[in-house]
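Enquirer: Kindly generate the complete structure, drawing on both the sequences and the hints.
Protein chains: 2
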Amino acid sequence: MAGGSGTRFWPLSKETHPKQFIDILGTGRTLLQQTFERFRKIFPLENIFIVTGLAYKQITLDQLPEIPENQVLLEPHRRNTAPCVAYATHKIKSICPDANFIVSPADHLIINELSFLEVISKGLVFAAGHTALLTIGIKPTSPQTGYGYIQINTEDEISSAFNGFKKVKTFTEKPDLEMAKIFLESGEFFWNSGIFIWSAKAISEALEVNLPEVNTLFENKNAVYNTVDEAAFIENAYSDCRNISIDYGIMEKAENVYVVCADFGWSDLGTWSSLYEHSTKDANGNVITSSNTLDYNLKNCIVKVPEDKLVVLNGLENYIVVETDNVLLVCPISEEQEIKQIVNQVKMLKGGEYI
Amino acid sequence: MAGGSGTRFWPLSKETHPKQFIDILGTGRTLLQQTFERFRKIFPLENIFIVTGLAYKQITLDQLPEIPENQVLLEPHRRNTAPCVAYATHKIKSICPDANFIVSPADHLIINELSFLEVISKGLVFAAGHTALLTIGIKPTSPQTGYGYIQINTEDEISSAFNGFKKVKTFTEKPDLEMAKIFLESGEFFWNSGIFIWSAKAISEALEVNLPEVNTLFENKNAVYNTVDEAAFIENAYSDCRNISIDYGIMEKAENVYVVCADFGWSDLGTWSSLYEHSTKDANGNVITSSNTLDYNLKNCIVKVPEDKLVVLNGLENYIVVETDNVLLVCPISEEQEIKQIVNQVKMLKGGEYI
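Chains D and F supply the protein sequences, listed in that same order. Just so you know, the working numbering puts 25 at position 22 of the first sequence, and the rest follows in order with no gaps. Just so you know, the working numbering puts 316 at position 313 of the second sequence, and the rest follows in order with no gaps.
Hints may contain errors.
What the hints assert, rightly or not - Listed below are the simulated SDA-like cross-link pairs for lysine to any residue, each with C-alpha atoms no more than 25 Å apart in a straight line: (1) Lys350/F - Gly318/D; (2) Lys312/D - Leu297/F; (3) Lys353/D - Gly31/F; (4) Lys353/F - Thr283/D; (5) Lys312/D - Asn347/F.
Said to hold, decoys possible - Far from chain D, some chain F residues (derived; all Cβ distances over 12 Å): (6) Pro14; (7) Arg41; (8) Leu112; (9) His133; (10) Gly149; (11) Glu181; (12) Asn239; (13) Ser248; (14) Asp250; (15) Phe267; (16) Tyr279; (17) Leu297; (18) Tyr299; (19) Leu313; (20) Thr327.
These are calculated hints, taken from the structure and not from any lab test. Yeah, the Cβ is synthetic: ideal placement off N, Cα and C, and Gly gets one too.
Expert: Here you go:
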């Protein structure tokens, strides 16, 4: 899933190049490329599909030159994750009705890749043997208020073969800090990573039961998938489809939902603070990726500026400094929640060219 | 005099376009243009001469399209102000041996223009009637440590016709704060504006007596001035000439030095603080010239950024934010003294392209 359009890291991320298409960690690879390469280590190229917005077709093909165009599923309208999953499910089923597959965001950070791939592999074995909807729960390391949580049935043990796999009791919305602390202490709550593993059969059934009107739109009538008619069919389906998330539409309703409890170092990189946390810092705690920066009395700052600009920063602590071709932002990290409002103001006052 | 190469307002001012060529106050006119237009109000165009560096010929002609090329005196090397005055003196003498003229920096701020022009006019009358070197002293309004001071002979009154004209007792270097306070209280000390008024005869004699070896180099041998041979002659003169200021070389030594005490609102705009002081501020005390800036919790900042960049600033107090085509500087105003060292570091580490 590489269709997000977030402007949370604005002006680094913009509508024309959202987060997944950015080398936000300064590693030399964008998050989409990192995600692709991670899965590519254990899956053949022909088994990897990217779902993204029609507007992001070219940037996707540019960033992943290996991927054949037929494996890039283009969403003509934004409809959240449930239609995305429905589209992918029916397309994959038309190629391989017995497929087991993973649904994963393309803009997350995975630190321990080996551990991640082990969880994925075990999850696929589980999905092959159970008509179940499996989600990956992340062992929380702090009382995050920015994540949804999954509560498990601690007593419930699937089988000795699937150690760490649990039946899901509830999905919860983002908690307040007090609640998050209770979650953390209880040992029953895991961060909802938004990564799912299931058989085409299991997710098809879940779509039929829980989102029948969405499912109908994407069913492979007249065998359109992987033909020249797919784009027109999908255009119609998305036009008629409502906006709904897979969590709300299926995961929170279905009975056969399981979680594999994992601990491979994960972040959705959803905030500047989390980006800061997971970035390499210099001796003064600064995250500076450009080599063309001179800093004096700079502490705990995130500096994202183009390499061809000489940037001289003096006397800033806990600031974000971002420069793009047409925007400069200087903002305390503590005020990052305000950036969303700033983006709205920019959209209103200045027009779309900066967003 | 428009030959300065200061990088005090770096990166706004650079070696390729120093302060005099910048619209540093955001008025729509550069300091050179303002200075030219100020004098143009009482002097015919043919009486105005610009002395500047050879490298600044084109920018000068671009900014002052009215001025004929023969009135732009080009210095092939930097030699401080004494050679500049010697060159101008001999060139002007070759055109009009009886001239009285004014020597003025091109990068200062004059607030009360009418009062300034009155002082200038009165000064020219004085210069025409006295073989004297007249300088303009500014009534100090605060104990500035960034200016040189002129001490007057308070008892000495030239004549009732020249009220406010005094004999100079001493020129002093930049004082420390304690001394500056004493200067201010005494009433005997005036800021040295670096603006001079004299007859060609008076300054010629002063050059002959105090800087004979400089004077000799610029004497109008073979009537070269205003001919095709002038440039080659000046190239030789500057090559052989030493680096020396008019203050040190003449004003501090000559006997016939006078000052006219003035109070027309003057600043040499030598620091970011003085620029801040003399700029128009918004309700939060910010000096922001770009209309494409959004500010949140911004106080007492100077923001100089290109109009085509959207600049979003949040939570800064007493900062300088300057952006140019290839440099971004964010620095507390209180650290402005460090900018000189930063410029030196930039020169060393990054090369000349940024300076």
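Enquirer: Now tell me, hint by hint, if it's right for this structure.
Expert: Hints, verified against the model:
For the given pair, Lys350/F sits about 21 Å from Gly318/D by alpha-carbon distance, which is consistent with the 25 Å threshold. Between Lys312/D and Leu297/F the CA atoms are separated by roughly 22 Å; this keeps the pair inside 25 Å, and the hint holds. In summary, the hint linking Lys353/D to Gly31/F is supported, as the alpha carbons are separated by about 23 Å, within the 25 Å threshold. For the suggested pair Lys353/F and Thr283/D, the alpha carbons sit about 24 Å apart, so the restraint of at most 25 Å is met.
Our distance criterion of 25 Å between C-alpha atoms is met by Lys312/D and Asn347/F, whose separation comes to about 17 Å. With a cut of 12 Å on Cβ distances, Pro14/F falls inside the contact zone with chain D, its closest approach being about 8 Å. Its beta-carbon lying about 34 Å from the closest one in chain D, Arg41/F satisfies the requirement of being farther than 12 Å from that chain. For Leu112/F, the requirement that its beta carbon stay farther than 12 Å from each beta carbon of chain D is met, with the minimum near 26 Å.
No Cβ of chain D comes within 12 Å of the Cβ of His133/F; the nearest lies about 50 Å off, and the non-interface call holds. Listed as a non-interface residue, Gly149/F keeps its Cβ farther than 12 Å from every Cβ of chain D; the least gap is roughly 20 Å. The Cβ of Glu181/F lies farther than 12 Å from every Cβ of chain D, with a closest approach of about 28 Å, so its non-interface assignment holds. Residue placement check: Asn239/F keeps its beta carbon more than 12 Å from all beta carbons of chain D (closest about 38 Å).
Consistency note on Ser248/F: stated as away from chain D, and its beta-carbon is indeed over 12 Å from all of that chain's, at 30 Å minimum. Asp250/F, annotated as away from the interface, keeps every beta carbon of chain D farther than 12 Å; the closest lies near 33 Å. The non-interface label for Phe267/F is consistent with chain D: the shortest C-beta to C-beta separation is roughly 35 Å, beyond 12 Å. The claim that Tyr279/F is not at the interface with chain D holds, since no C-beta of that chain comes within 12 Å of its own (minimum 16 Å).
At roughly 7 Å, the least C-beta separation between Leu297/F and chain D is not larger than 12 Å, which violates its mark as non-interface. The claim that Tyr299/F is not at the interface with chain D is violated, since a C-beta of that chain comes within 12 Å of its own (minimum 7 Å). For Leu313/F, the non-interface assignment is contradicted: its Cβ lies about 5 Å from the closest Cβ of chain D, within the 12 Å cut-off. Interface exclusion of Thr327/F from chain D breaks down, the closest Cβ pair being 9 Å apart, not more than 12 Å.
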